[in-house]
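Peer 1: Please build the complex by placing chain B on the supplied structure of chain A, with the hints as guidance.
Number of protein chains: 2
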Amino acid sequence: MPHYKLTYFNVTGRIEPARVMFHYGGIPFEDVRIEHADWPSLKPTNSLWRTTILEIDGKKYTQGVSLSRYVANIVGLVGKTNEENLEIEIAVNIVSELLITAYEFHYEPNEEKKKQNLKKLNELMDKYLPVLDEAAKKNGGHLVTNRLTWADIFFVTSYEDIRHLLENKDIVKDFSGLQNLKKNVLSEKNIKQYIQSRPKLPTYKYDLRSEL
Amino acid sequence: MPHYKLTYFNVTGRIEPARVMFHYGGIPFEDVRIEHADWPSLKPTNSLWRTTILEIDGKKYTQGVSLSRYVANIVGLVGKTNEENLEIEIAVNIVSELLITAYEFHYEPNEEKKKQNLKKLNELMDKYLPVLDEAAKKNGGHLVTNRLTWADIFFVTSYEDIRHLLENKDIVKDFSGLQNLKKNVLSEKNIKQYIQSRPKLPTYKYDLRSEL
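Heads up: the sequence lines are chains A and B, in that order.
In this text, residue positions in the first sequence follow the working numbering: the first is 1, and each later residue adds one.
In this text, residue positions in the second sequence follow the working numbering: the first is 1001, and each later residue adds one.
The shape of chain A in the complex, shown without the other chains (with noise of 0.2 angstroms):
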């Protein structure tokens, strides 16, 4: 097996997907956390870098969506067919941008911005949420078929940043199909494991923790 270590400041964001994905598959990783301060000397000159970094017996990869998928390829949270994997992709691509939307939202400083950033993370929410719901309530807690994929571990690592940067806001209250696809992860052994006994989230608002 291939020596792994993975690198990010100690927040959860893009890359607690890989991180969960490993402790599932019980592969053994670095799970390196820095201080942001350390990020300028660590940084590759490489200048497509991004502050996620996967290194593969020393050779650098980045890009949490792409190191997502990489991990859930080798821990078997894919798809069994192309069209399993397209649905998952589309999964994927929506939380995210929920997500990237939350942080735009959450890291404004412009105020005026900041109200425009909410309305249309609010707008993107009524428009996702009840259709992931309807999926996950077809799939018995699942987001595509009817078994663990990347997707629902995608959604719940994004719930939890989400909840965070929305002043602990819980938006799957009122679906019940995403309560239960956010049980059935947390329930995972491995999973479950790996969330009690990771490093503290200091500057967290809502931790996954508290739903054990």
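Because the hints were derived from the structure by calculation, they are not lab data.
Positions of the beta carbon are idealized from the N, C-alpha and C atoms, including for glycine.
If a hint is listed, it holds; no wrong ones were tucked in.
Covered, in the sense of this in silico footprint (three residues per stretch, anywhere, with C-beta under 8 angstroms from a C-beta of chain A), are these stretches of chain B:
id, segment
1, 1076-1085
2, 1089-1101
So these bits of chain A aren't anywhere near chain B, every CB distance computed over 12 angstroms:
id, residue
3, Lys5
4, Glu35
5, Tyr107
6, Lys120
7, Asn184
8, Ser187
9, Pro202
Peer 2: Relative to the frame of chain A, chain B by itself:
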């Protein structure tokens, strides 16, 4: 084989990689090109839908990049290992970022914002194009490994679109590796034949046909 029906406007944009790859693989599909006025009546009621639609035996799927990845899997233009696929995704992701930023420039009505968007696009091109060019030089005119993958096709169709959006500016003029990549893609028999025979793009400032 399933029945494939692809519906989009008569532009290249986000769906052209899927069209090109269906042709590359010799997979029959309905290539439906609609007028903008037709879209409201065709739009599925499910709120996830974008303007790109692929029907597989009547079931509807959406999202340009997700559909491209799907077709790439069908016609064998994906990587041979998880690591190759990760490299392909990283390349597609940054080309996609260039394309989206070019759209943001082209369609921005406000002159001041348009200037800012152009500045952002130029910065991204300065950052990404040399890295892509280096990869193409290393891999004999391919972005990942020494053979054709969907990253190459995604690059060439995006190149065409960006060139159109930038008033015919040739963004690979100074990059011999990327020029070589373009030649590799356009010299594929099925792709060449498709580009030669596809419907004219009346609004376009540039057409890949001129390269054949």
